[in-house]
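Spelled out from the first residue to the last, the chains are:
Protein chains: 2
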Amino acid sequence: MALIIQKYGGTSVGNPERIKNVARRVLATQQAGNKVVAVVSAMSGVTDSLIKLAKEVHPEPNEREMDVLLATGEQTTIALLAMALHGLGAKAVSLTGAQAGIVTDGLHTKAKIANITPKRVHEFLNNGNIVTIAGFQGETPDGQITTLGRGGSDLTAIAIAAAVKADLCQIYTDVDGVYTSDPRIVPNAKKLLEISYDEMLELAALGSKVMQARSVEFAKKFGVVFEVRSSFNDNPGTIVKEETAKMEDVVIRGVAVDKNQAKVTIAGVPDKPGIAAKVFKTIADANINIDVIVQNVSEKGFTDISFTVSSVEAGKATKVLQPVVKEIGAREVTSTADIAKLSMVGIGMRSHPGVAAKMFETLAANRVNIDMISTSEIKISVIIALKDADKAARAIHDAFELGK
Amino acid sequence: MALIIQKYGGTSVGNPERIKNVARRVLATQQAGNKVVAVVSAMSGVTDSLIKLAKEVHPEPNEREMDVLLATGEQTTIALLAMALHGLGAKAVSLTGAQAGIVTDGLHTKAKIANITPKRVHEFLNNGNIVTIAGFQGETPDGQITTLGRGGSDLTAIAIAAAVKADLCQIYTDVDGVYTSDPRIVPNAKKLLEISYDEMLELAALGSKVMQARSVEFAKKFGVVFEVRSSFNDNPGTIVKEETAKMEDVVIRGVAVDKNQAKVTIAGVPDKPGIAAKVFKTIADANINIDVIVQNVSEKGFTDISFTVSSVEAGKATKVLQPVVKEIGAREVTSTADIAKLSMVGIGMRSHPGVAAKMFETLAANRVNIDMISTSEIKISVIIALKDADKAARAIHDAFELGK
Chain X
0 MALIIQKYGG
10 TSVGNPERIK
20 NVARRVLATQ
30 QAGNKVVAVV
40 SAMSGVTDSL
50 IKLAKEVHPE
60 PNEREMDVLL
70 ATGEQTTIAL
80 LAMALHGLGA
90 KAVSLTGAQA
100 GIVTDGLHTK
110 AKIANITPKR
120 VHEFLNNGNI
130 VTIAGFQGET
140 PDGQITTLGR
150 GGSDLTAIAI
160 AAAVKADLCQ
170 IYTDVDGVYT
180 SDPRIVPNAK
190 KLLEISYDEM
200 LELAALGSKV
210 MQARSVEFAK
220 KFGVVFEVRS
230 SFNDNPGTIV
240 KEETAKMEDV
250 VIRGVAVDKN
260 QAKVTIAGVP
270 DKPGIAAKVF
280 KTIADANINI
290 DVIVQNVSEK
300 GFTDISFTVS
310 SVEAGKATKV
320 LQPVVKEIGA
330 REVTSTADIA
340 KLSMVGIGMR
350 SHPGVAAKMF
360 ETLAANRVNI
370 DMISTSEIKI
380 SVIIALKDAD
390 KAARAIHDAF
400 ELGK
Chain C
0 MALIIQKYGG
10 TSVGNPERIK
20 NVARRVLATQ
30 QAGNKVVAVV
40 SAMSGVTDSL
50 IKLAKEVHPE
60 PNEREMDVLL
70 ATGEQTTIAL
80 LAMALHGLGA
90 KAVSLTGAQA
100 GIVTDGLHTK
110 AKIANITPKR
120 VHEFLNNGNI
130 VTIAGFQGET
140 PDGQITTLGR
150 GGSDLTAIAI
160 AAAVKADLCQ
170 IYTDVDGVYT
180 SDPRIVPNAK
190 KLLEISYDEM
200 LELAALGSKV
210 MQARSVEFAK
220 KFGVVFEVRS
230 SFNDNPGTIV
240 KEETAKMEDV
250 VIRGVAVDKN
260 QAKVTIAGVP
270 DKPGIAAKVF
280 KTIADANINI
290 DVIVQNVSEK
300 GFTDISFTVS
310 SVEAGKATKV
320 LQPVVKEIGA
330 REVTSTADIA
340 KLSMVGIGMR
350 SHPGVAAKMF
360 ETLAANRVNI
370 DMISTSEIKI
380 SVIIALKDAD
390 KAARAIHDAF
400 ELGK
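Residue numbers (numbering that gives the first Met the number 0), protein chains in the order written: chain X, 0 to 403; chain C, 0 to 403.
Hints listed in this document are in silico derivations from the structure and should not be mistaken for laboratory results.
Note that the structure is a prediction, hence the values are computed from the model and not measured.
Idealized CB from N, CA, C, for every residue including glycine.
Treat each hint with caution, since some may be false.
Unchecked claim - Each pair of labels, with its calculated beta carbon distance range: (1) C:K51 to X:D166: 33 to 43 Å; (2) X:S43 to C:P182: 39 to 49 Å; (3) X:F221 to C:E62: 34 to 44 Å; (4) X:T116 to C:E62: 24 to 34 Å.
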């Protein structure tokens, strides 16, 4: 008898009919001879409605109270899913995050899980129950309700899986799994059967919407093997796990395109020590995450500093930099959203030299100009013109034979 | 510095604007030099929506899960009210029933409060906070979420008032207080400044919608003085408290009309021992509450048994009695909703003889026929034709000079 944790996102439980579908899937898993825990999100739209309600009462709602408010969303779903399971003749019982023994720190709206005491979960499972658990929430040691922030329900599922030593953790979502590239851009993209934590982390960092990096990090830290799969069909998904020697045989795992980037350039910067520090401290103080940075050493003691940010933050970045531009005696700050970031990810890069060279050759052969470059041990990213993004992704996908 | 508990019902917190109004009222009470606890219901309509959602998932939802679901309604309101208080510059913090230390038995959907440990409530109050507490809910000693059933938020307020030894408990509702009669029927009905627990209990039992009997019973048991008043104006309400000698000077406190009654009659019942027991056991087994009972001893060994029930249960009552009618050899069972119950309530009846006589004379003088009579120590009820109800109420209100 295996112990399986299943997580269903907001779209999968978006209305009573879908909740009943999830109930059928959960029950089938139990009837196949397993113990099952279902971790669920708030029904899609509910969290947004609650936030809207809060803003009508206070433009900047207190974070402790926001947690009390938002936690009701998942609490609603666990009860409804348990009821739907009863309707199928199953034994089922719901637990809030607090009831499931999920203890967090006190950082409201983005709390971290401190520990889990899954005593009640085991008791209910041992009595033949399917247990539905509210994702995204927990409580502090002194009993304050907390929420875990974006991607919190995935984190709950993986943390519960670690705590109860589950045999498998399934993350049900609205996509079939992780692909070698976005199938809307690269038609012959293939679903991956498996991927390493590190590769999944790079993909998450690249803005792949499948999962938040923190959940993958947690899974890696505690060695939780999980599967990303669709709640709308029965196709096998993608298994995410510690890398194996065999995984390195594959040079690159996938090609990702991120079109939500903008490039900010400060032109005519006097080439003196401490200038870059001043620029990036200003950006950091404004809570803006930067990605790729390039500093061109130009002639006559002046240089250009360019970096990329999420396109929604480009306006804010240029605004906070205006006074800095004056202060450091630079010429101007400008931004453009006409760029895209193209990335190749794969642990195979470590043992296969020449990957970058082949990528650059492929781009050159397709007349794609490279604006900026950034690399990590298992990733190469290039900033290119937005209009070239799709063509470049398909070319690289083909060059590395990812569709085969 | 007084400690005041205020309870706001679903209509009073029905939308963000009303929640802000409640926040202003709560803050004003604190600024007048008091410690304040605000017990709140779910926003009007929310509980019904949740019940509808549950029924879409399961026609007869499990009661434990129903409690998990419904408890989200009040949890939403406490967070929103705390946020609204922050918006006014107040210190405020919310507590669910469980967090407020409300421990109940395990009878889901109609749990009874076992005890309250208001440690957190005191701590937050002592730190200068207004505390918002979710009405209607608690948890069992082993941490299951429970709800208290109809009128549960009033009960929470009164129980909290008893536990924290509050100086005053104010029940804010959509009426101004308790009146000598329904002002829509008796235009010169007057608001009562005070009323005894026992009189309030009789009015609740008569279907007066101001408060459920169990909350009044709880207040009586623990000596909690409370005031029923409107959240939409600043008029003083009605104080409900232990009776004083002075209260007995008033012969009757009020006249109530209940038009939601039906009379069920079993005709041609053989006059044998045990027959009535069989009839009323059947009714009790079907969970139908009966009110007034009359058995007419007729000639030739046959009798009629009549009783009144809530009109919504009349159909169910006649249905469950069909087999009994056959079994006991009675002629038939019929029901009519063309009746009303008219009641006079007052602890003064105990010391003022002739109250019933004066009531019957007044009805006779107005050509109102009395069908059934039921009395308690401080109440006289008569069943009359529905068409006579309003006229009769006005006549009695005048005869006992309640409008003066």
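Hint check:
Checking the proposed 33 to 43 Å range against C:K51 and X:D166 shows it holds: the Cβ atoms sit about 38 Å from each other. Checked against the given bound of 39 to 49 Å, the beta carbons of X:S43 and C:P182, roughly 47 Å apart, stay inside it. Distance hint for X:F221 and C:E62: a CB-CB separation of about 37 Å, consistent with the stated range 34 to 44 Å. Distance hint for X:T116 and C:E62: a CB-CB separation of about 27 Å, consistent with the stated range 24 to 34 Å.
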